[in-house]
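Chains as they are written, first to last, in UniProt numbering: chain X, 1 to 101; chain Y, 1 to 171; chain A, 1 to 379; chain C, 1 to 312.
Keep in mind that the hints are not guaranteed to be accurate.
To give an idea of the interface, some chain C residues facing chain Y are shown, with a C-beta separation under 8 Å as derived from the structure [unchecked claim]:
1) 101
2) 102
3) 110
4) 167
5) 273
Bear in mind the hints are in silico, worked out from the structure with no lab data behind them.
Here a beta-carbon is modelled for each residue, glycine too, at the ideal position from N, C-alpha and C.
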Amino acid sequence: MTLDLFLLLAAALFAVGLYGALSQQSVVMVMMGLELMINGVVVAAASFWYFVAPAQPDGQVLVLVVISAMTVEMAMGFAVVTLLFRAKDVDTTDTAAELKR
Amino acid sequence: MEGLLFWSPAVVAVGAGIAVFRVDSMARATYALALSFVAVGLELLLLDLAYLGVVTVLMMVMEMAIMAVFMIMFMMNSAGLMPMSMVHNRRGALALSVGVFLSLAAVALLTPWPERRGTVPEDPTRSVGTGVMETKMLVMMGVGAVLFTTIVAALVLAASRSRYDVRGGRR
Amino acid sequence: MGVRGARRGRGRLARRAAGCPHVLLVVCPGATGLRLETEAALAALGGVRALSPADADVLLVVGEPSAELRRAAEVTWSQLPGPRVRGVVAGPGRAEDVLRRLVPLLGSAEQEADAADRDDTAVPGPEGDPPGGLPMADRAEDRDGLTLDVLRVALGPVLPHWPAGLVVDTRLQGDVVQSATARVLRARAARGPSYWAPGPDASPDLRRGRCAASHLDALARLLSVTGWAGAASGAVALRDRLLAGEAHERVRADFRPWRRRVEGSRLLRWCTRDLGVLLPADARRLGVGGPAARAAPPHDVSARLRQWLVETDAVLGGAPPPDGGPRGEPAAAPSSALLGAAVELLPGRELAEARTVLASFDPDPDEPGAAPSVAAGAS
Amino acid sequence: MTVEAAPAWAALPVLAALLALASAAAVLDAASPGGTAGAAPRGPARAARPLAETARLLRQRRHTTAVRDGLLWQVGVAGPVVIAALMVAVVPFGGQVVADVPVGVVWFNAMDVCLWAVVWLAGWSPDSPYPLVGGYRYLAQALGYELPLMFALTAPAVAAGSLDVGTVVEAQDGLWFVVWMPVAFLVLLVGVAGFSLWGPLGAPGGGDVAGGVFAEASGVDRLLLLAGRYALLTAGAAMAVALFLGGGAGPWLPGWLWSLLKTLAVLGCLVVLRGRLPGVRPQTVVRLGWVVALPVVLLQVLAVSIVVVVEG
């Protein structure tokens with residue numbers, strides 16, 4: 001167990017999430033991609049705490065903040081999807097973009 | 001042994017993460033993501049972060065359980081009974097994310113990370129607790145305010161009208 | 001020892017298993033008397049009424065099914081997992097014999113083989129769309145303006161705690177009823193007077209007994225639907241004692257504490273309050289009579305439940321049934337109006353509420369002249 | 001009393017105890033009026049019904065629906081039993097605990113949240129309307145009781161100054177927590193009934209939707225689901241004993257026996273209460289949970305915190 005290994009894991013999760021967020025059409029699936037990216041951030045923050053500065057709580061607090069950010073992202077995402085769905089009956093990013101025109 | 005403890009959840013976390021975008025069924029996709037989070041929770045346990053690991057599992061499984069409801073509510077073909085593709089610009093996304101992975105990995109492996117300062121405290125949970133209540137209190141108060149704003153904003157956005165005002169109060 | 005021991009163990013397992021058959025009843029309209037007999041026989045044998053086909057070992061058709069009900073029974077039969085047997089209780093006095101003959105068959109080796117071989121995993125259906133031959137959901141307006149999927153679900157005719165022969169075709173969004181159409185399946189034979197309201201030539205004692213038993217039967221159904229199996233089984237026991245001819249006074253002595261328990265339950269009051277309100281004006285418009293019309297303000301499920309309790313107590317005490325029958329003047333076919341009132345209240349209700357409301361009116365599809373079809377829908 | 005980690009083999013007797021207590025709950029449930037035995041005659045035959053039912057379900061074929069999701073169905077069916085076992089792992093029996101997780105209380109909570117997923121999957125995967133309604137009812141109900149349950153778990157942890165279940169047990173040396181935090185105890189029991197689909201909170205498996213999440217289960221699947229339900233009830237009772245009833249504390253008898261006896265008593269109360277209470281509709285559960293239970297349990301936590309601060 002080394003810092004490098006954990007950071008590799010974090011990078012892999014981040015990259016998979018990025019792929020999803022970029023390639024998916026459905027807003028909900030894009031949100032899942034974002035969640036996965038944040039998941040990678042959680043791993044990175046926790047491993048930095050453990051391998052670099054375990055005596056201070058900063059890393060742990062960072063993880064807490066990131067988890068909160070994730071819930072905020074979810075809540076707002078769902079609210080927006082519901083709004084879009086009600087207003088225009090769309091749930092994909094492409095069609096939502098067309099709404100601007 | 002330690003290697004196994006690290007690698008098996010790691011493989012599950014990434015594998016389940018990939019599965020999220022490869023399965024047709026919304027329920028499977030959501031719970032694949034939940035599985036990925038559970039695996040990450042286990043990784044946190046390895047880092048002596050018992051509280052944060054278990055809380056990650058708790059929060060994320062709860063979130064995914066709710067997410068599944070939204071997925072099935074809003075997506076066509078939610079059970080994945082009819083295979084269909086809902087992606088755009090797949091190749092570009094793939095290239096970009098591989099590139100990002102490689103550069104992140106390079107940074108991770110090549111950067112001379114600082115030496116470890118200090119040791120893991122006796123009880124990391126207590127340390128984060130006192131951190132939140134003492135030095136980092138302002139941060140958490142900010143988080144609290146943000147969460148409250150989120151609740152209000154999300155409700156205002158999502159509710160067309162209150163469900164309960166139709167018949168005037170109690171139903 | 002090996003093979004023989006295994007076989008003996010199997011036999012013992014089978015005998016034990018046959019000791020508690022789960023029986024699914026498909027009750028035909030007009031067969032209330034047979035149903036009560038069958039329920040009693042089932043209880044005497046230690047059987048349990050199954051809640052769903054997947055839970056059942058025995059499928060028992062009670063009465064003479066019409067073509068539609070026969071088809072429903074056939075579909076239900078295909079959903080029994082097996083070991084499974086089926087039979088018909090066609091006439092009075094046969095229920096116990098039929099059950100006694102059927103239940104041992106469950107333990108036979110052929111049944112076990114059938115259960116092992118039958119394969120319903122691959123239901124034949126066209127590939128692609130629609131998958132498995134199932135229709136996809138439509139979409140429609142809903143109360144949150146989200147235009148979500150609509151599912152058509154027929155409640156009944158094979159459903160636990162449900163009036164025999166009644167079908168309510170619903171359009172559900174999630175578990176909220178958007179619109180409902182009720183119909184009563186035709187009986188095969190011409191209907192006589194309802195079991196619960198024997199004609200005027202019956203003895204007053206019999207009529208009083210049937211009226212009280214009818215209320216108890218309705219109470220049992222309502223309490224089961226609200227999820228209070230304990231109180232429901234009390235009502236069933238009292239009902240069966242009445243129908244077995246026990247003196248009304250003695251039944252009443254045991255009815256009293258049971259009534260106190262049901263009336264005293266705050267939780268029950270809390271859960272049935274302000275639900276399914278039928279204002280007197282609407283009751284008059286719809287022609288609703290009987291206890292449902294006499295229920296006190298606020299005319300909700302809770303009030304109707306209490307009215308049943310009050311009237312049962314009075315009838316057991318020797319008073320004549322207020323309208324001659326349990327649901328209203330028997331000649332006026334009160335169940336049509338009850339069904340109409342219930343169906344009108346269904347749209348916008350969530351499934352549990354809908355079932356509670358319907359059970360609180362308890363229309364009796366056995367009544368001659370029960371309306372063939374009533375509909376109500378959301379905007 | 002002190003609580004320490006048990007050797008690895010202790011997992012087996014604890015698992016056996018979980019199954020034994022769950023079976024005892026099934027027997028008691030069958031023997032009580034209005035229980036699962038329906039209108040079967042009273043007497044010893046009634047109490048032996050769970051055995052007969054088990055035999056019946058073991059012989060029964062596993063029925064399947066047309067287009068179900070087999071993998072998720074298996075997760076949903078096996079989930080409750082597994083989760084019950086994982087819950088019990090952090091509960092001390094006497095002075096020993098199988099998994100000495102330093103955050104056992106949160107662990108218990110996380111496991112009960114995993115049930116949201118598992119039960120919903122069991123309802124969703126058969127692709128049949130009644131189980132689907134049952135699955136959604138479970139989620140809706142969970143949204144109602146989960147927050148009060150969390151705070152009910154918080155109260156003893158605050159009093160003991162630790163999230164470790166063993167430490168919570170040790171902190172009750174003088175006075176059981178149930179004495180001065182009865183509200184939290186009651187809310188915990190309601191939460192246990194909720195996550196076990198039990199009694200007044202049994203709507204997800206209710207008779208009005210033909211058995212809800214159980215409607216399409218047969219054979220071994222049904223056996224697992226029913227066993228899981230009793231096992232969850234047992235695990236919840238065991239946790240309630242550890243957090244509020246002093247764990248294995250008691251005179252004369254060994255600690256593990258006290259733990260077992262107390263768990264059995266709590267379990268008995270839960271089973272008997274089922275026949276005496278009507279069901280509550282999910283939306284009423286949500287209203288009760290947020291309007292009544294949450295404020296009350298928050299006041300309880302506040303009171304506990306004040307006591308802790310004052311006592312130093």
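Here is what the structure says about each hint:
Because the beta carbon of residue 101 of chain C sits about 6 Å from the nearest beta carbon in chain Y, less than 8 Å, this interface hint is met. For the restraint placing residue 102 of chain C at the interface with chain Y, the shortest Cβ-Cβ distance is roughly 5 Å, inside the 8 Å limit, so the hint holds. Here the hint on residue 110 of chain C is kept, as its CB sits about 4 Å from the closest CB of chain Y, short of 8 Å. The restraint placing residue 167 of chain C at the interface with chain Y is violated, with a minimum CB-CB distance near 11 Å, outside the 8 Å limit.
At its closest, the beta carbon of residue 273 of chain C sits 27 Å from a beta carbon of chain Y; the interface hint therefore is violated under the 8 Å criterion.
The structure shown violates the earlier hints numbered 4 and 5.
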